[in-house]
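Construct all of the structure, not just a fragment, from the sequences and the given hints.
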Amino acid sequence: MSAGLKVLAPGLHTTVQDLGRPGYQAIGVPVSGALDGVSLRLANALVGNPPGTPALEILMSGPTFEVAADTVRVALAGAGTSLAIGPEKARVVAGQSATLPGGEVIEVVVGRQSACCYLAVEGGITVPLVLGSASTYVRAAIGGLDGRALRRSDFVPLATARASHRAELRLSSPIAATGDQPIRVVLGPQQEYFIEEAVAAFLGAEFRISQSADRMGMRLDGPFLQHRHGWDIVSDAIMTGAIQVPGSGQPILLLADHQTTGGYPKIATVISADLPVVGRRRPGDALRFAPVTVETAEQLCRTEERRLAELVAALEPVRAGHALDLGSLYDGNLISGVVSGVE
Amino acid sequence: MKVRFLSAGDRALVVEFGDRIERALSDDVLRLDASLRSSRLPGVVETVPTFRSLMVHYDPVATTCADLERAIASLLDRPPDPRATTTLWRVPVCYEGSFAPDLGEVAKRTGLAPSEVVARHSGTRYHVYMLGFLPGFPYMGDLPHELALPRRADPRLRVPAGSVSIATTLTAIYPYESPGGWHLIGVTPIRLFDPARPRPALLEPGDKVQFEPIDPVSFASIRKAVESGQYEVAKEPISR
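First to last, the sequence lines map onto chains A and B. Residue 21 in the working numbering sits at position 21 of the first sequence, with consecutive numbering throughout. Just remember that the working numbering sits 1000 ahead of the position in the second sequence, which is counted from 1.
It is worth saying that the hints were derived from the structure and are not from the lab. Quick reminder that beta carbons are idealized off the backbone N, C-alpha and C, glycines included. Treat the hints loosely; a few may be bogus.
Pairwise CB distance ranges (calculated) [to be verified]:
#  : chain 1 : residue 1 : chain 2 : residue 2 : range
1  : B       : P1080     : A       : P182      : 41 to 47 Å
2  : B       : A1066     : A       : G102      : 54 to 60 Å
3  : B       : Y1231     : A       : A159      : 33 to 39 Å
4  : B       : P1216     : A       : P182      : 58 to 64 Å
5  : A       : Q299      : B       : V1045     : 46 to 52 Å
6  : B       : P1080     : A       : R112      : 53 to 59 Å
7  : A       : A159      : B       : T1085     : 43 to 49 Å
8  : B       : A1073     : A       : A141      : 38 to 44 Å
9  : B       : E1227     : A       : G204      : 52 to 58 Å
10 : B       : A1148     : A       : F224      : 49 to 55 Å
11 : A       : R162      : B       : P1216     : 55 to 61 Å
12 : B       : P1237     : A       : A205      : 52 to 58 Å
13 : B       : T1169     : A       : P182      : 40 to 46 Å
14 : A       : G111      : B       : A1234     : 54 to 60 Å
Listed below in structure tokens is the structure:
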């Protein structure tokens, strides 16, 4: 039988995602891909995969899998998340790889620090690419596993049946919670459709992420943002991170699965360096916005790319005694008392 | 040519030609889109044409908004290519019975007989302004002015895939079952979007469309041919 992860419990919304399918927005296909591309890339780096290898995006509540392969190397990335392995629930914290034997049960434990986390598997998940990407876009049922979120008893196919022999890797410092720093935006493209007080309120006030939040976008509760002359514009294209304001005066922050076009004015756009931060925020969390210029945002994007490259370059082998290699541990009958020291 | 450059964050630039649904604006948008695609500027990831603007997605590691604005401004000065061609698609539509749940109401509200609504809808050659809302969803116009109606007050939760619809000055086809507020006056048996095809969206921005009325019997036989991969939508090249 081919290698895979058998889904014992699917979690709230677990999907296969990579870095998305750019190139098809002109024909109405959203880019999709990981809400938090930084964590996806870190999870992949920890298991030795190229950055855009398909992995599992886990939202709000964690799935449970059984390993159906000889051995698998996995890594989780997401603040405050961990893997609980086997009946002892031995913990592997996020930001560290681990190799597990066939039959082992992996539960993804998510805390309250991040809305999303990523489980990468060495070699990657092998679903057919649709328009060049494995990303799941549920609304049109494309990508991923049959174009939908995981269900109980699904089989997530893996590229390799056996983990490579090498040391486990971890981040040189643990993944920190994101904190509540303001989300940086570039005003526009339609800030002129709002009265000055609305732009000031948008930048000055605190918003709260409502319960209406999914991969398409999050509705924000906060001050009423008054349009200058109505809220209909002739449809134009939408960028991920755009903050559109319909007639309700309550903004919607558009995420990876957003429609490619729309007819509401967009007061501002979240800068690309802060999109992963937005992706980690949960319903009920507060959001504040701070304006930057396009030039600054472009600079921040380049800085963030360098920071990520440095994080990947600084991955370090896990010291003996801290590695959770259940395959060899079982062989040596050393399973008791194995708990990672970095939490 | 007078355009406005609007920033949509640090990865997209909007080239705005106007704020109306108008053929001349659309032609300008599509002309810039074509020249951007052929000039392959460094750092440009993809372009998205709409009724009145072109969004240019870029990678700020490879270029900047300022450099792109300069490059686009010089492309805008190029004269249009008089030899440019496009494709006319002949899309079969059944406008009868349960295929056309809103035809009666459209007829009543426009003061036309149902057959006149169909004759006008199928007697017009449409321009595909843009795609959006769902993969492969084409916004086409312009509708004969007698057929212009606002969207339905009560949008449907489920519009069947293939539904041919009208609202305001536009007509569209729903590629997937989805919620929708447009008036449904027919169904096409063809498949608007299929990611496995070399050209996933049947209709692309700038294409022309003519609807060809068919009866339920032909609908069933075309649908069968579509499902077995034996049907090709009739098309011909025409000048822009």
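For each hint, the structure was consulted:
{"no.": "1", "hint": "B:P1080 x A:P182: 41 to 47 Å", "result": "holds, 46 Å"}
{"no.": "2", "hint": "B:A1066 x A:G102: 54 to 60 Å", "result": "holds, 55 Å"}
{"no.": "3", "hint": "B:Y1231 x A:A159: 33 to 39 Å", "result": "holds, 37 Å"}
{"no.": "4", "hint": "B:P1216 x A:P182: 58 to 64 Å", "result": "holds, 59 Å"}
{"no.": "5", "hint": "A:Q299 x B:V1045: 46 to 52 Å", "result": "violated, 19 Å"}
{"no.": "6", "hint": "B:P1080 x A:R112: 53 to 59 Å", "result": "holds, 57 Å"}
{"no.": "7", "hint": "A:A159 x B:T1085: 43 to 49 Å", "result": "holds, 44 Å"}
{"no.": "8", "hint": "B:A1073 x A:A141: 38 to 44 Å", "result": "holds, 41 Å"}
{"no.": "9", "hint": "B:E1227 x A:G204: 52 to 58 Å", "result": "holds, 57 Å"}
{"no.": "10", "hint": "B:A1148 x A:F224: 49 to 55 Å", "result": "violated, 32 Å"}
{"no.": "11", "hint": "A:R162 x B:P1216: 55 to 61 Å", "result": "holds, 57 Å"}
{"no.": "12", "hint": "B:P1237 x A:A205: 52 to 58 Å", "result": "holds, 55 Å"}
{"no.": "13", "hint": "B:T1169 x A:P182: 40 to 46 Å", "result": "holds, 42 Å"}
{"no.": "14", "hint": "A:G111 x B:A1234: 54 to 60 Å", "result": "holds, 58 Å"}
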